[in-house]
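Undergrad: Protein chains in written order, with the numbering used here: chain A, 4 to 154; chain B, 4 to 154; chain C, 4 to 154.
Certain hints may be false.
Note that the list lumps identical chains together, so a pair holds whenever it fits in one copy or between two copies.
[Unchecked claim] In silico DSS-like pairs for lysine-lysine, Cα to Cα no more than 27 Å straight-line:
#	residue 1	residue 2
1	106	131
2	26	88
3	88	131
4	88	106
5	63	131
6	63	26
7	63	88
No lab work stands behind these hints: they were computed from the structure. In this text, all values refer to a predicted model and were calculated from it rather than measured experimentally.
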Amino acid sequence: MDQLVCFEHQPGRRFVGRLPHGKDLITSIENFCRVSAIQTATFSIIGAVSSATIGTYDQKQHVYVTFTENTPMEIVTCIGNVSIKDGTPAIHAHIVLGDEHGKIIGGHLFSETIIFAGEIDLQEVTGKPLERVYDHTTGLMLWNIESQGGR
Amino acid sequence: MDQLVCFEHQPGRRFVGRLPHGKDLITSIENFCRVSAIQTATFSIIGAVSSATIGTYDQKQHVYVTFTENTPMEIVTCIGNVSIKDGTPAIHAHIVLGDEHGKIIGGHLFSETIIFAGEIDLQEVTGKPLERVYDHTTGLMLWNIESQGGR
Amino acid sequence: MDQLVCFEHQPGRRFVGRLPHGKDLITSIENFCRVSAIQTATFSIIGAVSSATIGTYDQKQHVYVTFTENTPMEIVTCIGNVSIKDGTPAIHAHIVLGDEHGKIIGGHLFSETIIFAGEIDLQEVTGKPLERVYDHTTGLMLWNIESQGGR
């Protein structure tokens, strides 16, 4: 794969809404997708968390290094997508968080990350659902290109 | 509210454009929304500011702590939405700013934040407009779920 | 130009896809746009890079100050757009990067920035293509408003 491989999708449903106070960020979105039969989507979030777990990927060791911040922080930005992993809609999201002293951290979003308040803009796309498979080069679960006929 | 409550909207008009040099970021977008009769929308911005006011929410005291940076900075990212507050379209946006030394700050966007240059992608959504009401749990003005029949 | 000037576009094709491992981020997207005949679009990306070149604009001297980080980092967020510059589709994007120690940097995205893995959501908009021309006030290549009849 030497070039950008994109799958052309059709726009699906468009949801704008509130994330639940005191609940896990990833779980809340995944539950919503299951209930609403959303298989592929992209989203953005702003808001605040009461605690967060984020990580960065060790590109040599092929493992995520995670850490938890048990402090209130703003969700300065959070961008992610929904696709199928192990047969069920799964979230992949990255987040930028800021604390009261202006300190900024960021990385790959993990559970547990507990919502204080949050607003999501979620755009479903339809067509052949994107599905994650193991990629040997990176050690990550990436979208299966061969099955998609991407251009 | 124990789960993500989303309101299904229809896509409205799609605007891509330039922010005015030397003007306030929030005021510029709010004026555009009033003139264009936009009630609910989401947007993203990249660009630069000549000065900025940002804040973080004190989740215990229920007040915003703000600070102003009187220095040129890149708008590394800014994500936000438009909805109705006190009967008029109001902006809620979070911003990441970077100065020439690579220092990054971020948080809730306030006026005065003065545009040097900026490019906005604003997506109107139609359907029942989202409206902000006071939320006792967080002390924030959040979207009124009961009036929406959100799923 | 005293106010936000936006051009109303129609939604075009919607692409969600994978960025190529080991290739330059900007070049990959620009090549895709040329092959796919995309003239105006907006996009967001999450993923990781093996090295990156970013910069900030010196608003007084009217030059970009750039620096390169030869270290693996997460693409915590990357937001950008595609428009016509010198007759060909050109990328303007800003990026937030985070290293394994939680250090965050960000700014205007330049080549060389080498992809480790990345997922892009690219939304074409149709109508009169946005075109960049030199702006004397800022020294930047900004969208030509006069030719657009923006509202």
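Undergrad: Compare the structure with the hints numbered earlier in the document and write down the numbers of the violated ones, lowest to highest.
TA: As far as the earlier hints go, 1, 4 and 5 are violated by this structure, in ascending order.
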